[in-house]
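Visitor: Okay, here's what each chain looks like letter by letter:
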Amino acid sequence: MSDPKAFYDKHKTLVYNLALNYCGNKEDAEEITQDVFLTVFKKMSIFRHESKIETWIYRVAINKSLDYLKAKKRFKRNFINDGVFIDQVSQTEFSDFNHPGVLLESKEKIQEIYSCINKLPEDYRTVIILLKIENRTYKEVSEIMKISIKAVESLFNRAKKKLDSLLKK
Amino acid sequence: MQDKLEILNTIKKVSPPDYLYDKILERINNNKIQPPLVYTYAACILLLIAFNIFSFSFSVDANSASINIVDSPLNYLSYE
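Protein sequence lines, in the order shown, are assigned to chains A and B. Counting along the first sequence from 1, when you hit position 165 you're at 165 in our numbering, and nothing is skipped either side. Counting along the second sequence from 1, when you hit position 13 you're at 1013 in our numbering, and nothing is skipped either side.
It cannot be assumed that every hint is accurate.
Pair by pair, the computed Cβ-Cβ distance ranges are [what the hints assert, rightly or not]: (1) A/Asn98 with B/Ile1053: 50 to 58 Å; (2) B/Ser1055 with A/Asp3: 51 to 59 Å; (3) B/Ser1015 with A/Thr137: 20 to 28 Å.
If you're looking for bench data, these hints aren't it; they were derived computationally from the structure. C-beta: ideal position from N, C-alpha, C; glycine also.
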């Protein structure tokens, strides 16, 4: 990589916003962004250019975000006393919602949707974030997730149904 | 359902803070410092093991010497 700063400037908004869409707050998004660029800078020499660089960065950012959230969840479970139920723990996960891109008037509604998105399985969560928040096309999502376009469509339909049932509760 | 998700389109893209790149560089430099530290720790552990082996073998020699004294048939006092 000839100029890491130029590379960072080109992709920083993509990575930071994707991380924000997974974790919902600035502090965690900054940590995830750092992890993503550390990995990208380290592995750039072995990147085989079989896919677009942006697609690869998306994959790294998605994996890092999911790993970060899993680690955070594990830490919280260890920290909270044994007597607390898992449902109670997952309710606390989005208590620190602080997305700087969310307008104040819609914050409450979006926080509710985010809280439900966060309870979905990982692939459901990813497909909703990429299609509805990142506004990627089905083709781009299929390349990022390494599945067919039909599989993306079916995954999105199932994710919507599941999310709808969670929102009705 | 589609309507409920439409609100997600109102989320604006934001730029990360300027200090983030410096933090990344700092972490890259910290990672570079780590290998020599690992070698230092490895050398310390090896030294400890070597010291243990040396002290153990010395104590074995000392013990065998004391056993020799006890087992020795010579008792100078008996000739007095």
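Visitor: Next, verify each hint and record whether it holds.
Guide: We went through each hint and held it up to the structure:
For A/Asn98 and B/Ile1053, the Cβ-Cβ distance of about 57 Å falls inside the hinted range of 50 to 58 Å, so the restraint holds. Against the hinted window of 51 to 59 Å, the Cβ-Cβ separation of B/Ser1055 and A/Asp3 comes to about 56 Å, which satisfies the hint. Evaluation of the 20 to 28 Å hint for B/Ser1015 and A/Thr137 yields a pass: the beta carbon distance comes to about 24 Å.
When each numbered hint is compared with the structure, no violation occurs for any of them.
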